[in-house]
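Asks: What follows is the residue order along each chain.
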Amino acid sequence: LAKTTQPISMDSYEGQEVNITCSHNNIATNDYITWYQQFPSQGPRFIIQGYKTKVTNEVASLFIPADRKSSTLSLPRVSLSDTAVYYCLVVNTGGFKTIFGAGTRLFVKA
Amino acid sequence: GAVVSQHPSRVICKSGTSVKIECRSLDFQATTMFWYRQFPKQSLMLMATSNEGSKATYEQGVEKDKFLINHASLTLSTLTVTSAHPEDSSFYICSATSGGATDTQYFGPGTRLTVL
Numbered sequence: 001l002a003k004t005t006q007p008i009s010m011d012s013y014e015g016q017e018v019n020i021t022c023s024h025n026n027i028a029t030n031d032y033i034t035w036y037q038q039f040p041s042q043g044p045r046f047i048i049q050g051y052k053t054k055v056t057n058e059v060a061s062l063f064i065p066a067d068r069k070s071s072t073l074s075l076p077r078v079s080l081s082d083t084a085v086y087y088c089l090v091v092n093t094g095g096f097k098t099i100f101g102a103g104t105r106l107f108v109k110a
Numbered sequence: 111g112a113v114v115s116q117h118p119s120r121v122i123c124k125s126g127t128s129v130k131i132e133c134r135s136l137d138f139q140a141t142t143m144f145w146y147r148q149f150p151k152q153s154l155m156l157m158a159t160s161n162e163g164s165k166a167t168y169e170q171g172v173e174k175d176k177f178l179i180n181h182a183s184l185t186l187s188t189l190t191v192t193s194a195h196p197e198d199s200s201f202y203i204c205s206a207t208s209g210g211a212t213d214t215q216y217f218g219p220g221t222r223l224t225v226l
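Chains as they are written, first to last, in this note's numbering: chain A, 1 to 110; chain B, 111 to 226.
Just chain B, with the same shape it has in the complex (with noise of 0.2 angstroms):
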């Protein structure tokens, strides 16, 4: 049970093009999901957290305008990173919490983009 899944798992794309990534809890509904960024031998960095049918609520210093966030359904949000940069290459992971007392987050596998 508590399976998270991303795709895709790996990206490469060219520098000013676009790109999405989805997030999809397999065998719950996720009232709340979270994007992390995780640069290499560094900390997962929360950006945003985003909510079902809800605006997400983006961390300090994440561009909103750029790393656009849908939580369309219980089951499924998607991060776009618009007009990608080499700067936004880096290991994207969500997590979703189906709420309850304890909010244990689970974590999808993560996507690796590459931007040229």
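In isolation and in its complexed conformation, chain A is listed as follows (with noise of 0.2 angstroms):
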């Protein structure tokens, strides 16, 4: 299973652009880089997920270079609402089995 590094906490301003980057150095080929977002006392949500270059979905876009060892995901114009701990999985298709690591806490000041 590939490990993720993440940043623990970031703090951003309402209408900024937020960027979170995940380091999956160990990553295979079947692997899927998958994003979720939590909020206290509910079950994470799905956000986006991709295999490379780039995706972009109606709240978040993704980009993955090349090599795969990284993956950033991109919230444009955060509001109040976005404050909650954004997860980075990368996902063994077939393998199925998923650890989630420590996760990045976004807080958005007004």
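Among the hints, erroneous ones may be present.
No farther apart than 30 angstroms at their CA atoms in a straight line, the calculated lysine-lysine pairs in the DSSO-like style are these [claimed, not checked]:
#1 B/151 x B/124
#2 A/54 x A/69
#3 A/69 x B/151
#4 A/3 x B/165
#5 B/151 x A/109
#6 B/151 x A/3
#7 A/3 x A/52
#8 B/130 x B/176
#9 B/174 x A/3
#10 A/3 x B/176
Computed spacing ranges between beta-carbons, pair by pair [claimed, not checked]:
#11 B/175 x A/23: 35 to 43 angstroms
#12 B/180 x A/29: 31 to 39 angstroms
#13 A/42 x B/171: 21 to 29 angstroms
#14 A/45 x B/127: 42 to 50 angstroms
#15 A/29 x B/175: 31 to 39 angstroms
#16 A/39 x B/122: 20 to 28 angstroms
Partial list, computed: chain B residues near chain A (C-beta under 8 angstroms) [claimed, not checked]:
#17 196
#18 218
#19 219
I should point out that these hints are in silico values taken from the structure, not numbers from a laboratory. None of the values given here were measured: they were computed from a predicted structure. In this text, a Cβ means the ideal position worked out from N, Cα and C, and glycines have one as well.
Mind docking these for me? Both chains are given alone in their own frames, and the hints should help you get the complex.
Replies: Okay, here's the thing in structure tokens:
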């Protein structure tokens, strides 16, 4: 299983773009990169998933360089409600097992 | 789509009793379900992985006789905490995946267990 490393916490202000980088140096060929958001006392919510290059959906973008040893979640124009813990996971397709790292606590200030 | 529910959302029980938590995939068939435990200010810890019709696979350090998992159908998995004690108080979260190329997990809202 690929171990992930993220910053423990980040601060931002409303309206700014936030980029959270995750390193996963021993990612395997069949692994996908998935990001989740978790609010207190709630289950994690799927944000975005990708394999390489760039993926964009209605809430975020995911940038993955060619070597895939890291990935960056980009949240455009954050609001106070984006204050949460963000987890980067490397998911091994077929192996199913997923191990959560510590996550990044994002604080968005007014 | 991809909605997972849990019931109950919150439960308080006396020490020594057993508690059952249900996890349902509402709009897809879940080939695999996972059970996690999360203590305050900590990350999710995987407890076990269950496949429909098979015995669950438990992570190291998780007592299979204490945390009974039954994955009876493609939409339902249950976790029973037997003879619960105060140290079992935690936030229990399930997730489900339908398999496929990316095996995206979708999580339930969690169950807060408090053992008195």
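Asks: None of the hints should be skipped; say for each whether it holds.
Replies: Evaluation of the provided hints:
no. : hint                             : in the structure
1   : B/151 x B/124                    : 24 angstroms, holds
2   : A/54 x A/69                      : 14 angstroms, holds
3   : A/69 x B/151                     : 27 angstroms, holds
4   : A/3 x B/165                      : 27 angstroms, holds
5   : B/151 x A/109                    : 20 angstroms, holds
6   : B/151 x A/3                      : 20 angstroms, holds
7   : A/3 x A/52                       : 18 angstroms, holds
8   : B/130 x B/176                    : 12 angstroms, holds
9   : B/174 x A/3                      : 26 angstroms, holds
10  : A/3 x B/176                      : 29 angstroms, holds
11  : B/175 x A/23: 35 to 43 angstroms : 38 angstroms, holds
12  : B/180 x A/29: 31 to 39 angstroms : 35 angstroms, holds
13  : A/42 x B/171: 21 to 29 angstroms : 25 angstroms, holds
14  : A/45 x B/127: 42 to 50 angstroms : 32 angstroms, violated
15  : A/29 x B/175: 31 to 39 angstroms : 38 angstroms, holds
16  : A/39 x B/122: 20 to 28 angstroms : 22 angstroms, holds
17  : 196                              : 19 angstroms, violated
18  : 218                              : 5 angstroms, holds
19  : 219                              : 5 angstroms, holds
In summary, the structure is inconsistent with hints 14, 17 from the numbered list given earlier, while agreeing with the others.
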